[in-house]
Amino acid sequence: MSRPVASRADNPLRDPRDRRLPRIPDPCALVVFGVTGDLATKKLLPAVYDLASRGLLPPGFALFGFARRDWDTRDFKRFARNAVIAHARTEFSEDVWSRLADCLCFTSGSFDDDDAFDEMAKTLDELETVHGTRGNAAFYLAVPPDAFPPVLRQLQRTKLCDTTPLGGWRRVVVEKPFGHDLKSARELNTLVDDVFTGHDVFRIDHYLGKETVQNLLALRFANTLFEPLWNAHYVDSVQITMAEDVGIESRAGFYDATGAARDVLQNHLLQLLALCAMEEPVSFDAESLRIEKRKVLNAISLPSDHERYAVRGQYLQGWLAGRRVPGYLAEPDVPSNSTTETYAAVRLGVETRRWAGVPFYLRAGKRLPRRVTEIAVVFKRAPHLPFAATDTVELGQNQLVIRVQPDEGVTLRFGSKVPGPSVEVREVSMDFLYGEAFTESSPEAYERLVLDVLLGDKTLFPDREEVEASWEVIDPLEEFWSGRPPHTYRAGEWGPIAANTMVERDGRVWRRP
Amino acid sequence: MAPSVSTTLWDTTGNAITAALAAERRQAGAIGAGQALTLVIVAAEDQVSAAERAATAAAEAHPSRLLIVVRRQPDTPNRLDAEVAIGGRLGPAEAVVMRMYGRLALHAESVVLPLLAPDAPVVTWWHGPPPDEIAADPLGILAGRRVTDCSLADDPIAALHQRAADYARGDTDLAWTRITPWRALLAGAFDAFDGVAGTVTSVRVTAEAGNPSAALLRGWLSARLGVDAECVDDGGPGITSAEIRVEPPSGAERVVAVHRPDGRSAVLSVSGELDHQLPLPRRQLGALLTEELRRLDPDLVYGEALAAATGMDHRDLEARPSERRHIWRDPMQATG
Ligand SMILES: NC(=O)c1ccc[n+]([C@@H]2O[C@H](COP(=O)([O-])OP(=O)(O)OC[C@H]3O[C@@H](n4cnc5c(N)ncnc54)[C@H](OP(=O)(O)O)[C@@H]3O)[C@@H](O)[C@H]2O)c1
Chain A
1 MSRPVASRAD
11 NPLRDPRDRR
21 LPRIPDPCAL
31 VVFGVTGDLA
41 TKKLLPAVYD
51 LASRGLLPPG
61 FALFGFARRD
71 WDTRDFKRFA
81 RNAVIAHART
91 EFSEDVWSRL
101 ADCLCFTSGS
111 FDDDDAFDEM
121 AKTLDELETV
131 HGTRGNAAFY
141 LAVPPDAFPP
151 VLRQLQRTKL
161 CDTTPLGGWR
171 RVVVEKPFGH
181 DLKSARELNT
191 LVDDVFTGHD
201 VFRIDHYLGK
211 ETVQNLLALR
221 FANTLFEPLW
231 NAHYVDSVQI
241 TMAEDVGIES
251 RAGFYDATGA
261 ARDVLQNHLL
271 QLLALCAMEE
281 PVSFDAESLR
291 IEKRKVLNAI
301 SLPSDHERYA
311 VRGQYLQGWL
321 AGRRVPGYLA
331 EPDVPSNSTT
341 ETYAAVRLGV
351 ETRRWAGVPF
361 YLRAGKRLPR
371 RVTEIAVVFK
381 RAPHLPFAAT
391 DTVELGQNQL
401 VIRVQPDEGV
411 TLRFGSKVPG
421 PSVEVREVSM
431 DFLYGEAFTE
441 SSPEAYERLV
451 LDVLLGDKTL
461 FPDREEVEAS
471 WEVIDPLEEF
481 WSGRPPHTYR
491 AGEWGPIAAN
501 TMVERDGRVW
511 RRP
Chain B
1001 MAPSVSTTLW
1011 DTTGNAITAA
1021 LAAERRQAGA
1031 IGAGQALTLV
1041 IVAAEDQVSA
1051 AERAATAAAE
1061 AHPSRLLIVV
1071 RRQPDTPNRL
1081 DAEVAIGGRL
1091 GPAEAVVMRM
1101 YGRLALHAES
1111 VVLPLLAPDA
1121 PVVTWWHGPP
1131 PDEIAADPLG
1141 ILAGRRVTDC
1151 SLADDPIAAL
1161 HQRAADYARG
1171 DTDLAWTRIT
1181 PWRALLAGAF
1191 DAFDGVAGTV
1201 TSVRVTAEAG
1211 NPSAALLRGW
1221 LSARLGVDAE
1231 CVDDGGPGIT
1241 SAEIRVEPPS
1251 GAERVVAVHR
1261 PDGRSAVLSV
1271 SGELDHQLPL
1281 PRRQLGALLT
1291 EELRRLDPDL
1301 VYGEALAAAT
1311 GMDHRDLEAR
1321 PSERRHIWRD
1331 PMQATG
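Note that the protein sequences, when read in sequence, are chains A and B.
In this text, residue positions in the first sequence follow this note's numbering: the first is 1, and each later residue adds one.
In this text, residue positions in the second sequence follow this note's numbering: the first is 1001, and each later residue adds one.
The set of hints was computed from the structure by calculation and includes no laboratory data.
Heads up, a few of these hints could be off.
Claimed, not checked - Reference excerpt, derived from the structure (chain B facing chain A, CB under 8 Å, subset only):
no., residue
1, ALA1184
2, LEU1186
3, ASP1262
4, ARG1264
5, SER1265
6, LEU1268
7, HIS1276
8, PRO1281
9, LEU1285
10, VAL1301
Don't be surprised by glycine CBs; every beta carbon is placed ideally from N, CA and C.
Given the sequences, and given the hints that come with them, work out the whole structure.
Okay, here's the thing in structure tokens:
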């Protein structure tokens, strides 16, 4: 995806033709709340290191950690170093690390601790002079969702969100979940927009940071080959799948209150749907892209028959990859009468001229046979086949599959003659593989997104309206599901039988990813 | 995981190599899919393994077909040896390493042409002293992008002048690639520097003598800032500093400077601001090649810097046709 050219009109060393020079953010501080957490350890700290080792951090930079642990900056450096060694993508170098370590500092405190925040505000002012961060700061809320409001209020109280005294910018990064329904999402949005301004709020949907997802736009809009077919005349249906083989790991508390629909359907899957179904944006800037995504999200229609077309499930004990795994209710810390879904499948429509009548089948689940995320565009059958009926029994429908992960790439499935004297047509596939070996060296989603936050580029971040439009899709489903027990499926199966019945009723089958 | 396969052919023919490559592609299956470009590498025998390592690293970012050509003595009997490898020793790419003896070495394109990935861009990289005239090497003619490395010449500065004399759009040199981090740092400092509105009064680069990257850095700064930058020998290692003096409309002179005395980490200083220490390591060949393959359109900014570094008019360089015609030169006659 293109981004604005990295030139500042008055900088004589910048030239739009000079594509080697990267854009480097303004001097700034990145403040991470919850810096001891899973997200910070596995993703954020490594991403910051990777940016440093690619030379993409500004000269005046500071990373400021905040968490409850009774640490000093030295402890924090040791912790961050281990996180970087364990999880960074680029090779560990002492030179890069020691320079980055100079930029780290830590404040210990709880979110209801006014003193700690006052202390942090003071330190941040000092950073200004010690590191030359020029009053620019991004606040990353890597904390559980119930901690968002207290942290935001503290930022308001200490005026840390306010740029007026120093100039420069103040941005806030919010992780999913953005609320748990429309009402709570609105409240959260109103709160962040009130503390910061709407323009300075960055909501992370890390799927949008993935190369293949961005490549979807290149595939659709940089080619002539696909777009003419990308409509209800030629497309029979679209299947969007996000399957995970893992269970809920140690996140029972969070997951049991959330479930598959709120956890991934509301954000990742609906974003994939929006990118797949949207009209061509007039340009690839943040605003044009969001206008088109928003239109699609607003045009989504729910099935009129929820019973048949909105299926949720919960895994039972089963076998997965040669290992016996417990059922959801037997996972540690899950209440034994929980009705939370670990699988959700739904048929949606997109009520536009392009898509009217084309079903979009979305499914997401845990403990499915393998980890895979993909978008499959299934085309209609040829209206007439000049072959004997027996020659084409093995011919399915043409498919274009965008594999988001793993094995990033594109597959085209089409009919081909079986070599030999008789005319028999069967399905074959043509693969474009941006295989593991080729993507190892491309940036990780968080690396890209953290850089974009510091650059202030909002192209890959869903905005408030998108989030609220997505909840408008999910809320009625949740309401229908509440109080009804989920269907069950064995761990290691592709979801409950009811989900298969759902598509079979329409004369279709799920693609086996 | 797709299988990795490799075949070695002794005293063979171009046709046999083409057939072996096709057979291995069939055997390896999907791994051969999705070639974005063909990279032709011309290397001397003692440089082959360094070139292979760099190409393997670059192929991880840019799916490519590697054709490595090693030209041996032209005064021996004609002979062609080849190794064809897919997904093996040379990383995920499809790779053919060819050793050409005798007069065959002067007609390497006859073996290489049928091996180019269909309709994909071709990049030729000389890992060794750059040819005087790219047009005299048929392996340069067939490439849309030609990458040389003046730092490997006996006299790198003379080689740089020769690159300018021989320049056509689509040429680049790794001496230029090496200074991207320097340029990024300086451009970034200017982004943040409010004194840009002023007039640049002087620019100074210090480096070891005869460093072509320093010459190009000086050229780039001269071309962009409209002053005649100077280059001072201080023994290195490599480039050790770049300093730009700016006269603002009012107030005192400001200096933007990057110092890297040890070839590893640099100090960025801007007057009136804090100093910043940054890693600025000299990069591996693989990283340079990866950067080089990211964009395959002509690098006009390089043309400009090269012209300024060698005292030529960049409009003359840009006006030259980007397609070259082959010029026949027989090394046997030249030496004999
Ligand atoms: N983990 C992921 O891969 C992932 C992916 C997508 C989105 N997210 C989202 O990212 C956020 C963080 O997730 P996580 O997995 O990193 O959570 P986590 O492992 O539970 O970490 C939470 C962090 O917040 C701190 N914290 C919690 N309550 C606090 C309080 N009252 N005062 C001060 N510090 C407090 C914790 O500090 P202590 O160490 O002192 O407890 C810890 O550093 C969540 O909103 C989550 O939904 C996570």
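Taking the hints in turn, this is what the structure says about them:
{"no.": "1", "hint": "ALA1184", "in the structure": "holds (5 Å)"}
{"no.": "2", "hint": "LEU1186", "in the structure": "holds (6 Å)"}
{"no.": "3", "hint": "ASP1262", "in the structure": "violated (10 Å)"}
{"no.": "4", "hint": "ARG1264", "in the structure": "holds (6 Å)"}
{"no.": "5", "hint": "SER1265", "in the structure": "holds (6 Å)"}
{"no.": "6", "hint": "LEU1268", "in the structure": "holds (5 Å)"}
{"no.": "7", "hint": "HIS1276", "in the structure": "holds (4 Å)"}
{"no.": "8", "hint": "PRO1281", "in the structure": "holds (6 Å)"}
{"no.": "9", "hint": "LEU1285", "in the structure": "violated (15 Å)"}
{"no.": "10", "hint": "VAL1301", "in the structure": "holds (4 Å)"}
Violation of the numbered hints given earlier is confined to hints 3, 9; the remaining hints are satisfied by the structure.
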